[in-house]
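Q: Chain by chain, the residues run as shown.
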Amino acid sequence: MKSRTIKVDYLARVEGEGALYVKIKNNRVTDVRFKIWEPPRLFEAFLRGRNYSEAPDITARICGICPIAYQMSAAQAMEGAFGVTVDGQVRALRRLIYCGEWIESHALHVFLLHAPDFLGYEDAIQMAKDHPEVVQQGLQLKKVGNELMAFLGGREVHPINLCVGGFYKVPTKRELAPFIEKLKWARDAALEAVRWTATLPFPDFEQDYEFVALRHPDEYAITEGRLVSNKGLDIAVREYDDHFVEEHVPYTNALHSGLKERGAYLVGPLARYNVNFDKLSPLAQQAARDAGLGPVCRNPFKSIIVRSVEILYAYDEALRIIDEYEMPEKPAVEVQPHAATAYGCTEAPRGTLYHRYRVDDQGVILDARIVAPTSQNQKSVESDLWQLVPKHMDLPPDQLTWRCEQAVRNYDPCISCATHFLRLHIERE
Amino acid sequence: MPRARKPKLAVWKFASCSGCQLALLNCEDELLAVAGQVDIAYFVEASRAVVRGPYDLSLVEGSITTPHDVELIQQVRRVSKRLVTIGACATAGGIQALRNFKDVQEFVSIVYAAPEYVETLDKSTPVADHVPVDFELRGCPINRQQLLEVISAFLHGRKPNVPPYSVCIECKARGIVCVMVAHGTPCLGPVTQAGCGAICPAYHRGCYGCFGPKETPNTESLSKWWSHLGMEDQDLVRAFRTFNAWAEAFREESVAHEK
Numbered sequence: 055m056k057s058r059t060i061k062v063d064y065l066a067r068v069e070g071e072g073a074l075y076v077k078i079k080n081n082r083v084t085d086v087r088f089k090i091w092e093p094p095r096l097f098e099a100f101l102r103g104r105n106y107s108e109a110p111d112i113t114a115r116i117c118g119i120c121p122i123a124y125q126m127s128a129a130q131a132m133e134g135a136f137g138v139t140v141d142g143q144v145r146a147l148r149r150l151i152y153c154g155e156w157i158e159s160h161a162l163h164v165f166l167l168h169a170p171d172f173l174g175y176e177d178a179i180q181m182a183k184d185h186p187e188v189v190q191q192g193l194q195l196k197k198v199g200n201e202l203m204a205f206l207g208g209r210e211v212h213p214i215n216l217c218v219g220g221f222y223k224v225p226t227k228r229e230l231a232p233f234i235e236k237l238k239w240a241r242d243a244a245l246e247a248v249r250w251t252a253t254l255p256f257p258d259f260e261q262d263y264e265f266v267a268l269r270h271p272d273e274y275a276i277t278e279g280r281l282v283s284n285k286g287l288d289i290a291v292r293e294y295d296d297h298f299v300e301e302h303v304p305y306t307n308a309l310h311s312g313l314k315e316r317g318a319y320l321v322g323p324l325a326r327y328n329v330n331f332d333k334l335s336p337l338a339q340q341a342a343r344d345a346g347l348g349p350v351c352r353n354p355f356k357s358i359i360v361r362s363v364e365i366l367y368a369y370d371e372a373l374r375i376i377d378e379y380e381m382p383e384k385p386a387v388e389v390q391p392h393a394a395t396a397y398g399c400t401e402a403p404r405g406t407l408y409h410r411y412r413v414d415d416q417g418v419i420l421d422a423r424i425v426a427p428t429s430q431n432q433k434s435v436e437s438d439l440w441q442l443v444p445k446h447m448d449l450p451p452d453q454l455t456w457r458c459e460q461a462v463r464n465y466d467p468c469i470s471c472a473t474h475f476l477r478l479h480i481e482r483e
Numbered sequence: 009m010p011r012a013r014k015p016k017l018a019v020w021k022f023a024s025c026s027g028c029q030l031a032l033l034n035c036e037d038e039l040l041a042v043a044g045q046v047d048i049a050y051f052v053e054a055s056r057a058v059v060r061g062p063y064d065l066s067l068v069e070g071s072i073t074t075p076h077d078v079e080l081i082q083q084v085r086r087v088s089k090r091l092v093t094i095g096a097c098a099t100a101g102g103i104q105a106l107r108n109f110k111d112v113q114e115f116v117s118i119v120y121a122a123p124e125y126v127e128t129l130d131k132s133t134p135v136a137d138h139v140p141v142d143f144e145l146r147g148c149p150i151n152r153q154q155l156l157e158v159i160s161a162f163l164h165g166r167k168p169n170v171p172p173y174s175v176c177i178e179c180k181a182r183g184i185v186c187v188m189v190a191h192g193t194p195c196l197g198p199v200t201q202a203g204c205g206a207i208c209p210a211y212h213r214g215c216y217g218c219f220g221p222k223e224t225p226n227t228e229s230l231s232k233w234w235s236h237l238g239m240e241d242q243d244l245v246r247a248f249r250t251f252n253a254w255a256e257a258f259r260e261e262s263v264a265h266e267k
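So the sequence lines, in the order shown, correspond to chains D and E.
Just so you know, we're using the working numbering here: the first sequence kicks off at 55 and counts up by one.
Just so you know, we're using the working numbering here: the second sequence kicks off at 9 and counts up by one.
Treat the hints with care, as some may be off.
[As the list claims (entries may be wrong)] List time: in silico SDA-like cross-link candidates among lysine to any residue, alpha-carbon distance up to 25 Å:
no.: 1; chain 1: D; residue 1: 223; chain 2: D; residue 2: 378
no.: 2; chain 1: D; residue 1: 61; chain 2: E; residue 2: 83
no.: 3; chain 1: E; residue 1: 180; chain 2: D; residue 2: 222
no.: 4; chain 1: D; residue 1: 384; chain 2: E; residue 2: 237
no.: 5; chain 1: D; residue 1: 61; chain 2: E; residue 2: 75
no.: 6; chain 1: D; residue 1: 223; chain 2: E; residue 2: 183
no.: 7; chain 1: D; residue 1: 236; chain 2: E; residue 2: 205
no.: 8; chain 1: E; residue 1: 14; chain 2: D; residue 2: 175
no.: 9; chain 1: E; residue 1: 232; chain 2: D; residue 2: 107
no.: 10; chain 1: D; residue 1: 223; chain 2: E; residue 2: 205
no.: 11; chain 1: E; residue 1: 180; chain 2: D; residue 2: 205
no.: 12; chain 1: E; residue 1: 110; chain 2: D; residue 2: 421
no.: 13; chain 1: D; residue 1: 384; chain 2: E; residue 2: 194
no.: 14; chain 1: D; residue 1: 223; chain 2: E; residue 2: 234
No lab work stands behind these hints, which were simulated from the structure alone.
Input sequences plus hints: build the corresponding full structure.
A: Here it is in structure tokens:
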């Protein structure tokens, strides 16, 4: 009986600390474990007793790569609970800074973390020796996204300008104008990135996923919408807990999320693309088609193309927002707290990020629950590996291991996010 | 003149959000130049490749929160000629040090269904509580220009130029109107170390202390000024208890207002 194990104790080029184990016996996969061993930081516990207005800045610290997503889900939850609507140009500015976050996060993943897998490099710095122009251009694409974050938010990591109700300070139209030329350059560069990623070698691999994403009637959903899937889910954010469950799995520090009725599902760029292709701008739709993607893409390895399409879309959308911008009279809507349950959900770069809080009549948080994208994708990551490994059994061990790592990195997993909302479950021996 | 060998850089992560090591990858214009000067020998977030130690410079992100961390940080120290901690988690215990003020078992049972399985220490502590540290770079997150300065200084064997004065100095240097004097907005700038560029006051907001206490802060006096602005004890406790809650000066001031 021939048995072997694919083992990666510390996955590289992902955010945070995770591991991967695949057991193979007689050329059959007998076990797959995507482990998250990053220590928990107990966010839900110390959010208790904090003021509602502190939730955006505190939860931002769950993740340095997507702080805007946390700030926005938290702010939106509180605004909904207190009956406040943020609209007009303040809403547009939030979408604009969120575009900046999608861009910096996606460009980091596409060029520095994921592309080296396709071309056989250990990292982007080695890749840069042979492909300097690709890496340089990727870094510049990322930089412009970060500049949008820093301009609107004060800095790129843990921006300081967002609050419940809007912003502390909003820019004048004239202050935004210098971005236009840069964004136009970046939009062109993003178009090239879509074309370039489409030339990468892709394994022939598709799965029949349930894609879950926010959907909005007027736009490619980022900051609000209904939770919709390609298999019939269509619910308001406040109904989230009725449809999704989390279960304990003994080997990981993150709970596995599933749909009550159908189990595994997938969130993130691939899900958004499949649910909302018709809402992409004409430029982004055309670029996707030219890259060989239809309105449906079920190959998770091609998520690198889809991320590039979203970078292109985000630049296109940023230019539209700046073009139509007029400085609002007030940077924020005033908020009066009262006892309520707050529900918020936005599209973080890696997928739907759900927050729920209970607050008292003074606006003090009584309890909190946060479900990050990576925990929702854990089941799909494992299911991909169950399907993928048998197809590549003939690869030499180190190549097979690398292929498995690549399959995990298809999801751009953010383990720092995934751990902190979760019940920890370490088995002691 | 070609060097005999490039110095080896390692980046380590403990309990944190990854935002401070991201600062290195956010140096879009400098990253490839840095990679030309140093051998990025251990940086799991960025590379599969691992070059064995010892390392000339280790950057450590994150706080110590598990028995495993306690052992690992000793190993990191042993393989590092110079060890620099980056960010509020590594230098002060981070936001997760809020557990330090409570009974951690109670905390854990709030969050976890099976608290007996939770392997976590009572306190989240800075790296310097466990091993000698050559330099602490503050901030939640760190400023990437300061990070480049620190890397450059250590590679050239000089002292980093990272001033320990307050945010007020930076704020005045930028010509920003004082939010506390002009608008009555509570601000931690007078007791907080500079380095961020006084961004909060620049955006009409009071500083919230993410770079931790400055050298010789007078927190007691600032608390009195906050009281004049209508802030109550519970507000002061919250203000000093965020991302640098366990840094001594902020910790003592928050405890003083708890009763």
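Q: Does the structure break any of the earlier hints, and which numbers would those be?
A: none
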